[in-house]
Amino acid sequence: MTTPAQTNAPALSLHVPEPPRRPGEAPDFSGLVLAEAGAVARPPVHAPAETLRDLPYTLIRVLDGSGRAVGPWNPGLDAQTLTAGLKAMILTRTFDERMYRAQRQGKTSFYMKCTGEEAIACAQAGVLRREDMGFPTYRQQGLLIARGYPLVDMMHQIYSNAADPIKGRQLPIMYSSRDYGFFTISGNLGTQYPQAVGWAMASAYSGDDRIAAAWIGDGATAEGDFHQALTFASVYRAPVVLNIVNNQWAISSFAGIAGAENTTFAAKGLAYGLPSLRVDGNDFLAVHAATAWAAERARSNLGATLIEFFTYRAAQHSTSDDPARYRPGDEAALWPLGDPIQRLKAHMIREGVWSEADHQSAEHEAQEAVRAAAREAEAVGTLGQSRVSSRTLFEDVFAQPDWRLRRQRQQLGV
Amino acid sequence: MPAMNMIQALNSALDVMLERDPKVLILGQDVGYFGGVFRVTDGLQKKHGLTRCFDAPITEGGIVGAAIGMGAYGLRPVVEIQFADYIYPAYDQIVSEAAKLRYRSAGQFTAPLTIRSPYGGGIFGGQTHSQSPESLFTHIAGLKVVIPSNPHDAKGLLIAAIEDDDPVIFLEPKRIYNGPFEGWRDRPVSSWAGHPQAEVPAEHYVVPLGQAAIARAGEAVTVLAYGTMVHVALAAAAHAGIDAEVIDLRTLVPVDIDTVTASVRKTGRCVIVHEAPLTSGFGAELSALVQERCFYHLEAPIVRVTGWDTPYPHALEWDYFPGPERVAEALRNVLSGEVA
Ligand SMILES: Cc1ncc(C[n+]2csc(CCOP(=O)(O)OP(=O)(O)O)c2C)c(N)n1
Ligand SMILES: [Mg+2]
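Going down the list, the protein sequences come from chains H and W. Mind the numbering: the first sequence is residues 1 to 414 in the working numbering, read in order. Mind the numbering: the second sequence is residues 1 to 340 in the working numbering, read in order.
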């Protein structure tokens, strides 16, 4: 090791961030600074980026503690839209619980829930159009579910069975559905972000009216792809909505390891000159309103918006994970921004468009829908019981297989 | 001697090196408090301190780039890339930088880092948890590439890699972390318990880089393998009832050419086995080396048994994985001369 220089300067020391609390300790959210619901102004969509520089440091919220929708970001949604959104969230959570259990029962190898984050995908699915292209991560199953994608097809994919729409090619939950505006999910974090920008550039190039959207986790914003995407989005004013789902955790690493000790994720957009919002991700109405603002900017050819959704990963990272090893067990239950389903439910009951009885029957309906889909998918087969024919192994490598693939198929005898 | 599985053996190597050398430090995703998704760094932060083993942001290029800078300062960083399938964002730092610092600065700057990463298939991990990218590194001048096949070697090789003054890519066959895997998909999983190579000394020792091991001595045919495929090759030889000499390469670069040459000159036949796809795989390099050195001793063409030239599948994993049936068939074919 190099000998330290002989000066009178104090010795340097290396800083490694640590979360405020670990297992066995009481959760501590005292560091959270949360704006009041309704407190943040809603600028016009054509406001120049330099007038929007405060937005990444506050929090756009619509639903207050008593379930009222307040302030300029209130999207004023009708009862039908609210009901559809709430039902989509309930169905997403029910689906997640069922498939989590299916993994535990050995019916598949892997599953990932989005518990606590349902408002984000479920609200956005209604703002973005099916003709737009979404570039999701593995935690946006709500996009498909809210759009009415067949649950049974999701299960076929999870079971990697003979009816899997993507032929058993990918790990469970790595869906793909071009028809539903859902780009093929990559297991490699961050790669979808610049791709979404490119898709949006292509739409602009073609004089189209469709936009793109991308999602990334707090942890994955550290990847170069994130920064490459922001550069392209800014330079070419791409019609894209760039979402960051900050659920506070990246497997076992708290958001401080991704830089959250020093700034917000939304603020990363500032240096690129991108309008950047920071939004309560557990507030269906705020998610809806912020996404509508960003989508309108994109559709008006004003370019990209970066949105940080502030939320909490209430479940384990995946079925391979055990959060009790690295964070206080009751952190999720005590999350100050609450649960998105409970919050929207309280609001709708208060508005007189929903009741406890409606809620119960919606939960029952969701259970039935998931159960029926599971019956159908399991009749085809769970992982290992059923799979596509072996010859499909060599298909789709290229449009046309070359001599090597033909020969290798013969060698396998299929 | 304590019995260890491969995870414990690797943990022990890191523990020993953190203890011995203050210049050694570990960084990677989830390696700190949590101890790594495969538990290889379990307990090391607690024992050695926050700055000796800590979490890194999810940017593989950043992790390796920072490790190169640490190495240039004089430290000996050990980096964990959570899955080898996620190493590509670091490829530029590895290929253009780590591999070339010594050469381009005429020795002024070096990159004595070790890049550990779980690799390989057999775990139903789909295309992003199963790949075998070793040949992307064996092709690069200035990189050493190491792949252990058992707990004893894993510890000794990892210590050797950390002590080496040049960058080492250290790929860990995750399928055999907890027990050897012979490639029979339907048989119960086995553990390392009772396996002779699970006897791992608690203290410091080295398995030198560049030395292969003869996993099974034999006369009829030489099998060149590494990682999980060593166990598959042994199973295949037993299955086919063929007196194969199975060589566990352990280090791919620099490969132990003397051991390989001596064996093939003795047996006159050579089968090469790896999980990675065929085209431009490390088997191609091995095949060329054997042909160059053993041509007049060969009694049959050299045969490669590998993954197919497709992305790694999920549902069809067992059609992809070159299991003992396929290796056994290759052994029979090189003996009977029925090689297409
Ligand atoms: C390039 C790459 N590096 C590492 C991983 C392993 N990995 C999978 S998910 C994950 C954490 C991601 O956290 P975040 O981006 O916050 O998303 P979240 O899981 O919280 O939704 C990691 C490290 C990966 N999939 N891809
Ligand atoms: Mg996260």
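Source of the hints: derived by calculation from the structure; they are not laboratory data. Treat the hints loosely; a few may be bogus.
Said to hold, decoys possible - Under 7 Å between C-beta atoms, here's a sample of chain W residues computed to sit facing chain H:
hint, residue
1, 51
2, 287
3, 292
4, 295
5, 296
6, 297
7, 299
8, 318
9, 338
Unchecked claim - Restricting the straight-line Cα-Cα distance to at most 25 Å, the calculated cross-link-like pairs of lysine to any residue (SDA-like) are:
hint, chain 1, residue 1, chain 2, residue 2
10, W, 23, H, 11
11, H, 268, W, 47
12, H, 268, W, 65
13, W, 46, H, 16
14, W, 46, H, 12
15, H, 268, H, 195
16, H, 87, W, 62
17, W, 46, H, 325
18, W, 46, H, 268
19, H, 87, H, 64
20, W, 46, H, 64
21, W, 47, H, 195
All C-beta atoms in this analysis are idealised placements derived from N, C-alpha and C, irrespective of residue type, glycine included.
Quick rundown of the hints versus the structure:
With a cut of 7 Å, the hint placing residue 51 (chain W) at the interface with chain H holds, because the nearest CB-to-CB distance is about 5 Å. The beta carbon of residue 287 (chain W) is not positioned within 7 Å of any beta carbon in chain H (closest approach about 16 Å), and the interface hint is therefore violated. A hinted interface residue such as residue 292 (chain W) counts as satisfied when its beta carbon comes closer than 7 Å to some beta carbon of chain H; here the least separation is about 24 Å, so the hint is violated. This hint is violated: residue 295 (chain W) has a C-beta 25 Å from the nearest C-beta of chain H, more than the 7 Å allowed.
Residue-level restraint check for residue 296 (chain W) is violated (minimum Cβ-Cβ distance to chain H is 29 Å; threshold 7 Å). For residue 297 (chain W), the interface hint is violated, the least distance from its beta-carbon to any beta-carbon of chain H being 27 Å, above 7 Å. Because the beta carbon of residue 299 (chain W) sits about 22 Å from the nearest beta carbon in chain H, more than 7 Å, this interface hint is broken. A distance limit of 7 Å between C-beta atoms decides the matter here; for residue 318 (chain W) the minimum to chain H is near 9 Å, and the interface restraint is violated.
The interface hint given for residue 338 (chain W) is violated, since its Cβ lies 13 Å from the closest Cβ of chain H, which is over the 7 Å cut-off. Restraint check for residue 23 (chain W) and residue 11 (chain H): satisfied, since their Cα atoms lie roughly 17 Å apart, inside the 25 Å limit. This hinted pair does not check out: residue 268 (chain H) and residue 47 (chain W) have alpha carbons roughly 36 Å apart, beyond 25 Å. Taking the CA atoms of residue 268 (chain H) and residue 65 (chain W), the gap is about 21 Å. The hint holds against a cut of 25 Å.
Between the alpha carbons of residue 46 (chain W) and residue 16 (chain H) the distance comes to roughly 14 Å, so the proposed pair stays at or under 25 Å and holds. A hinted pair counts as satisfied when its Cα atoms are at most 25 Å apart, and residue 46 (chain W) with residue 12 (chain H) qualifies at roughly 22 Å. With a C-alpha separation of about 19 Å, the suggested pairing of residue 268 (chain H) with residue 195 (chain H) holds against the 25 Å cut-off. For the proposed pair residue 87 (chain H) and residue 62 (chain W), the alpha carbon gap of about 42 Å is over 25 Å, so the pair is violated.
For the hint linking residue 46 (chain W) to residue 325 (chain H), the alpha-carbon distance of about 13 Å falls within 25 Å, and the restraint holds. A hinted pair counts as satisfied when its Cα atoms are at most 25 Å apart, and residue 46 (chain W) with residue 268 (chain H) does not qualify at roughly 33 Å. Restraint check for residue 87 (chain H) and residue 64 (chain H): satisfied, since their Cα atoms lie roughly 21 Å apart, inside the 25 Å limit. Proposed proximity of residue 46 (chain W) and residue 64 (chain H) is contradicted: the alpha carbons are some 42 Å apart, above 25 Å.
A distance of roughly 43 Å separates the Cα atoms of residue 47 (chain W) and residue 195 (chain H); the hinted pair therefore is violated under the 25 Å criterion.
Hint check: violations occur at hints 2, 3, 4, 5, 6, 7, 8, 9, 11, 16, 18, 20, 21; the rest are consistent with the structure.
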